[in-house]
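Asker: Here's the letter readout for the chains.
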Amino acid sequence: MGLRILLADDEKEFVDTLAERLSLRGYAPYVVYDGISALQAATPEMPDVVVLDLFMPGLPGDEVLRRLKVLYPDLPVILLTGHEAVDDNGTCPVSQAFACLTKPLSFNVFLETLQAAAREGKECAEEGGRP
Amino acid sequence: MFATIKNYFGHLLEVPEAVSPARYRSLRRLMTVLMVAVSVTPLLLLSAISHVQYMRTLEREMESPVYALARKSQAALELYLGERVSTVSFLAHAYTFKDLAEERTLNRVFLALKSEYQGFVDMGLVNADGRQVAYVGPYKLEGADYAGKAWLRDTEIKGRYLSNAILGYRGYPHLVVAVHRLEENGVSWTLRVATDTLRIQQVVSTVGPEHDTDVFLVDTAGVLQTDSNLYGKALEKLPLSLPPASHETVVRRMTDPDGRQLMVASCTLAGTDFMLMAIKPTADAFRPWLALRTELLLVLCGGIALIVIVSNLLMQQLVNRLQASDERRVAVFAQMEHNQKLSSIGRLAAGVAHEVNNPLAVIYEKAGLAQDLLSMGKVCGDGKDKDRLLALLEGIESTVERARGITHRLLGFARRMEANRQTLHIEEVITETLGFLEREAKNRGVKFETELPPGLPELVSDRGQLQQVFLNIVGNALDALAGTDKKPGEEQRFVKISCQGQGKGLLVKVQDNGKGMSPDVLRHIFEPFYSTKKDKGTGLGMFITYGIVRRLGGEITVESTEGRGSTISITLPLTPPDVAVEV
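Line by line, the protein sequences give chains C and V. All you need for my numbering is the position in the first sequence, starting with 1, plus 205. All you need for my numbering is the position in the second sequence, starting with 1, plus 1356.
Don't take every hint at face value.
Taking lysine-lysine and the DSS-like style, the derived pairs with C-alpha atoms no more than 25 Å apart in a straight line are [what the hints assert, rightly or not]:
#	chain 1	residue 1	chain 2	residue 2
1	C	K274	C	K327
2	C	K217	V	K1734
3	V	K1865	V	K1852
4	V	K1798	V	K1871
5	C	K217	V	K1722
6	V	K1428	V	K1505
For the record, the hints were derived by calculation from the structure and aren't laboratory data.
Start from the sequences, fold in the hints, and give me the full structure.
Answerer: Spelled out as structure tokens, the structure:
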């Protein structure tokens, strides 16, 4: 079983294609289309990495990130945005996210970032003694 | 009529609202007219009042000497004539007809009279029948018959008689004084004495009329009794209409047949029918006033001319300033509008870029998935088709990459400042940036000139972004210089970068002597996708430069003359504003 990856994006075509490409490479992606579902999906079974789109209807990506970090401080999160790593308020939530990537993604960069995030998540879990 | 005038003035005072040369002309005309009117009206009013007042005073001043002369002459003449009549009356009473009829006595009395009083010409005794029975004098008048003559009858009725000037038998103007006596013995006789009018003239001249005043006597019929300076000798007709008889001295103004303005004082001499007239031509009297009036008029005209000129110049100055300030305001508004327009365009471009990014991402991923499927052998396909498809998909990917480059640069315009501000020296940034471009400049035969005075203040700014700004601008300058081949004798191509402190900031100027820009290019220079370099440029360089400079709290302006070169001026604050600047 490969890395479990939770993908949350309202751009269905994009996130589905991304998930298929990941599963072709042996990952185990799980796709949701809004922020609330992302929070719900993250709870029962912890994914290894979460990938969030910054702009989603309902709960936006940075809010999901904030709540996830409250629940699971060690969970690595990667943010995706159409805008250059910046949100509407001019504050960049990079500090809490593992990385911020801009769309369109360069797939290779994305894969590398995923791997790095998963590694860090594991290290944290080992150090912090994750429940 | 009134409406027409109102219309005319309404039109004159109308100032068009639109900012145009006509507006300033109207404004200037209106203000000048008002100012001249306000200044000149009191001046004219004052002059008119002074004129009237002065004329009145002058008239009074002129009246009084004529009046005084008339009074003095009147007194002197009344005294003189009264004395004549009294003397004759005295003789008539002192002697009897019998005495005087004796030639010796008459001669003696006449000689005594002549020695005491000047001006007596002859003396005659007329009996009740009107025959002159005795006579002494230079003429042969003994035996002359006066019977039925008006004067004799008058004398017999009134007792005394003073004639008008007459020539009579003597052929010489004279007055006749006659006194009638009725003796106790019933003898009725008349003593008549002729007296010379010359004497009256002398009496008048002793009163002392000025050279231009004329004093004379005139009878009720308007015949001169004495010589007049102005109107001829005694016994000639006075060409003036007589004023009404009055014992009071009255001064009035008259005009004689020659058109002379006269000041006339007149009165009737007591006990006679003579009217005394003192005349002074006013033209002479007004001569000094006329001279003064000419001078005053000149001063007035000069004053008005001065007021008009000064008002005109003043209003010109004022309106010019107004116009300049209006024009400045319009320019500022235009600049603001320009900034706003660029800001809107920038935001729109960023918004579009953002929205385009999502579909681009989908295309990219789909192409990526198709590539994955092909290369992992999940779909069938022979070698040739597979390679072809892979090449196509790669084409899609590279095209998306290109589009991504554009959208990211567009987003760069509106990108907010990140916290990488630092204290830096602008001259270092400039030198460093020029270092990147040195080789290219050399290839194109362009010389870099820098004018970076030592001791420029430090700047808090973003080094990377400043570098991008200078790269863009100097790069553009190099492109502008490389437009044509260098001809022999042409001046050295250069890019000159100068920097100086300016208030609480720095002013950097980048000047080149390249081909310059047309006003049309200049108008669009900061707009996105506006490029003069055909396929070589994206048209985003100056757009992004503008965005960066504005975000750093600065201003950027371009001046250019086609064929002569361009100068780009950037002002930067020493410390950027704390709040994020809306681009």
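Asker: Now tell me, hint by hint, if it's right for this structure.
Answerer: Hints and how they fare:
Restraint check for C:K274 and C:K327: satisfied, since their Cα atoms lie roughly 16 Å apart, inside the 25 Å limit. With a C-alpha separation of about 23 Å, the suggested pair C:K217 and V:K1734 falls inside the 25 Å cut-off, and the hint holds. This hinted pair checks out: V:K1865 and V:K1852 have alpha carbons roughly 8 Å apart, not beyond 25 Å. For the given pair, V:K1798 sits about 18 Å from V:K1871 by alpha-carbon distance, which is consistent with the 25 Å threshold.
Restraint check for C:K217 and V:K1722: satisfied, since their Cα atoms lie roughly 12 Å apart, inside the 25 Å limit. For the given pair, V:K1428 sits about 35 Å from V:K1505 by alpha-carbon distance, which is inconsistent with the 25 Å threshold.
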